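Novice: Please take these sequences and the hints and turn them into a complete structure.
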Amino acid sequence: MKHEKNEVFEIRDYLIVNNYPQGLINILDDYFTNKAITLEEVQEMMTQDNFAKLVDNYQIRGAKRELTFREAMQCKNSI
Numbered sequence: 001m002k003h004e005k006n007e008v009f010e011i012r013d014y015l016i017v018n019n020y021p022q023g024l025i026n027i028l029d030d031y032f033t034n035k036a037i038t039l040e041e042v043q044e045m046m047t048q049d050n051f052a053k054l055v056d057n058y059q060i061r062g063a064k065r066e067l068t069f070r071e072a073m074q075c076k077n078s079i
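Residue numbers (the working numbering): 1 to 79.
If you're looking for bench data, these hints aren't it; they were derived computationally from the structure. Because the structure is a prediction, the values reported are computed rather than measured. From the three backbone atoms N, C-alpha and C, an ideal C-beta is built for every residue, glycine too. Hints may contain errors.
[Stated by the list, open to error] Taking lysine to aspartate or glutamate and the DMTMM-like style, the derived pairs with C-alpha atoms no more than 25 Å apart in a straight line are:
| no. | residue 1 | residue 2 |
| --- | --- | --- |
| 1 | Lys35 | Asp56 |
| 2 | Lys53 | Asp13 |
| 3 | Lys53 | Glu40 |
| 4 | Lys35 | Asp13 |
| 5 | Lys35 | Glu10 |
| 6 | Lys53 | Glu41 |
[Claimed, not checked] Derived DEER-like restraints, expressed as beta-carbon distance ranges:
| no. | residue 1 | residue 2 | range |
| --- | --- | --- | --- |
| 7 | Asn77 | Met45 | 33 to 41 Å |
| 8 | Asp49 | Cys75 | 23 to 31 Å |
| 9 | Ala36 | Gln74 | 22 to 30 Å |
| 10 | Thr38 | Asn77 | 32 to 40 Å |
| 11 | Val42 | Asn19 | 20 to 28 Å |
| 12 | Asp49 | Gln74 | 33 to 41 Å |
| 13 | Phe51 | Ile16 | 16 to 24 Å |
| 14 | Glu41 | Asn77 | 30 to 38 Å |
| 15 | Leu15 | Arg61 | 13 to 21 Å |
Specialist: Listed below in structure tokens is the structure:
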């Protein structure tokens, strides 16, 4: 389980570094980390004609997660 969580954070880091839309990152956070959105909801969104707009405007539902160690270090180094 711990290895799986690290993989999720590595994917998230990749998405951030490569400038993926924040809405997509929020959806994945809610799906993998917060368990606040279901796969069925994501699949239903994908069938919509305005999927890209839905992703761009998606607001995180679940609790804000804590920073990973890597993210905390990046914040510290950018000060």
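Novice: Hint by hint, note whether the structure agrees.
Specialist: Hint check results:
For the suggested pair Lys35 and Asp56, the alpha carbons sit about 20 Å apart, so the restraint of at most 25 Å is met. Among the hinted pairs, Lys53 with Asp13 is consistent with the structure: their alpha-carbon atoms are about 23 Å apart, no more than 25 Å. At roughly 18 Å between alpha-carbon atoms, Lys53 and Glu40 fall within 25 Å of each other, so this suggested pair holds. About 19 Å separates the Cα atoms of Lys35 and Asp13, which keeps this hinted pair within 25 Å; it holds.
Between Lys35 and Glu10, the direct Cα distance comes to roughly 18 Å. Compliance with the 25 Å bound is thereby established for this hinted pair. Of the supplied pair hints, the one linking Lys53 and Glu41 holds, its CA atoms being roughly 15 Å apart against a limit of 25 Å. Hint check: Asn77 to Met45, Cβ distance near 36 Å, so the stated range 33 to 41 Å holds. Checked against the given bound of 23 to 31 Å, the beta carbons of Asp49 and Cys75, roughly 38 Å apart, lie outside it.
The given range of 22 to 30 Å is respected by Ala36 and Gln74, whose C-beta atoms sit roughly 25 Å from each other. A hinted range of 32 to 40 Å holds for the C-beta pair Thr38 and Asn77, which are about 37 Å apart. One distance hint, 20 to 28 Å for the beta-carbon pair Val42 and Asn19, holds here, with the actual separation near 21 Å. Separation of Asp49 from Gln74 is about 37 Å and conforms to the stated range, judged on CB atoms against 33 to 41 Å.
Restraint check, Phe51 to Ile16: a C-beta distance of roughly 21 Å satisfies the suggested window 16 to 24 Å. Range check, Glu41 to Asn77: about 36 Å between beta-carbon atoms, so the 30 to 38 Å window is met. The supplied range of 13 to 21 Å is met by Leu15 and Arg61, whose beta-carbon atoms lie about 18 Å from each other.
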